[in-house]
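**Student:** Here is what each chain is made of, one letter per residue.
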Amino acid sequence: MGQADRTTPADLVGATDATHFFTFDGRRVAARPGQSIAAALWTAGILAWRETRGAARPRGAFCGIGQCHDCLATVNGRPNRRACLVTARPGDEVTTQKGHGHAEPR
Amino acid sequence: MIGAACAHYASRAGLHVTVVDRGPVAGGTTGAGEGNLLVSDKEPGPELRLALLSTRLWTELAAESPPDIEYERKGGLVVASTEAELTALRALAAEQRRAGVTAADVPADRLADHEPHLAPDLTGGCHYPQDAQVQPALAAAHLLRAAVGTGRLSLRLGEEVTAVLTEKGGAVRGVRTAKGEIRAPHVVNATGAWGGRLARMAGVELPIRPRRGFVLVTEPLPRLVRHKVYSAEYVADVASGSAALQTSAVVEGTQAGPVLIGASRERVGFDRALSVEALRRLASQATRLFPALARARALRAYAGFRPYLPDHLPAIGPDPRVPGLLHACGHEGAGIGLAPATGLLITGFLTEAEPPLDPSPFAPERFAREPAPP
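One line per chain: the protein sequences are A and B, in this order. Per numbering that gives the first Met the number 0, the first sequence runs over residues 0 to 105. Per numbering that gives the first Met the number 0, the second sequence runs over residues 0 to 373.
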């Protein structure tokens, strides 16, 4: 086996081991630099971070590549962010999105 | 949708029908629109008569269908932004009322009663309670399912027609697909924007060309838009024959939450490439009507091809040049709305029943004497 066969995705993006933290519904969650919010939540064993608009059913990452819009979360007060595409940043406040996540229009 | 409606009414009338579609149900133009069932955007004439009949038929179909076709008689609100636009809109509404349309003039200071989030500086509008909406892919699927239930419909999806088979005398005797021959004394061309190609397989010209449109889809929002709301410019755009890009805001909410923003028109062949310019104009015109949309984010956009005929009327009925061939295509952007009346007319031709309205303006051979389009 050559050296290239042991290259990991983290190597490819030049990720370092420097862990940082964000919060999910107030709970502290660890993330590595460059890691998406969805990946960090999964790593922490959290699989659902949205409640559907009709029946408030739990949703998390489904396609993981930005297509299905199932993994929407509220990030720093802004709803409908795709957790699988948004990179976790130190101190981010991620909260479970209920329904469409918007206040009633003014 | 047109094919589904033809199959629905024909199988209900006792005929045996085979639906052949090269794609899935609603894989073409049906799946690329907004599901509008409109009388408001039609000038008095044959198309409006077809739309009024369809409005009545859609009410019946919705009563027979499960609620998930999302039929909603939400009404249309057409708004003007200048005095000149309002004068033209009022004149059109007066003519439409004489033709049987219900239309109520709405003064500028009453617009908010209908749509509380409209821009405050519009000059007035017209409310059309007959305008409705369905989820077109689900509606087409349920019409086909009901037809399958009669035991007289067979559905062949993912199968493309490669030839129209004719007798020595020229009459149609079926179609050929990659999987074999399907024999039938009548073939209905319900291939929408691709209707010209199928007509050519039967040896006749039908000058259908694609007129591309984009729909911009926002993130799910709280109830912001109640009716189908569009600017008075839209009626002029629909009636225009220009190939150049035209946009006029058509805004509506959906039961699922996203707001759909149309409507662009341009003739660029079957080019699916995303047009940033078209989307930019749609977004800015929609925001002009509903300022709150400026804070909403667009999730995606989709494109479709309206089947365009030069006189903006569909081709519905038998083709006298090829006995047994009927056309049901060329409805441009109104195919979902006009589908039931089209299906009923086609079924009437097949069963030799009295037509529910005068079909002569839709005669498919009407272009034969004209020179071919450039």
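Rather than coming from a laboratory, the hints here were simulated on the basis of the structure. All figures in this text were calculated on a predicted structure; none of them were measured in a lab. Built from N, CA and C at the ideal position, the CB exists for glycine as well. A few of these clues could be false.
[As the list claims (entries may be wrong)] Some chain B residues flagged as far from chain A (calculated, every beta-carbon gap over 12 Å):
#1 S80
#2 T165
#3 E218
#4 R287
[Unchecked claim] Have a look at the derived ranges for each label pair, beta carbon to beta carbon:
#5 G150/B - P8/A: 50 to 56 Å
#6 G30/B - R77/A: 26 to 32 Å
#7 A107/B - N75/A: 22 to 28 Å
#8 A47/A - P290/B: 33 to 39 Å
#9 P119/B - N75/A: 29 to 35 Å
#10 D270/B - A47/A: 37 to 43 Å
#11 G240/B - A9/A: 56 to 62 Å
#12 R27/A - P119/B: 42 to 48 Å
#13 G26/B - L84/A: 26 to 32 Å
#14 G157/B - F61/A: 21 to 27 Å
**Student:** Which of the numbered hints are not met once you compare them with the structure shown?
**Tutor:** Those not satisfied are hints 3, 7.
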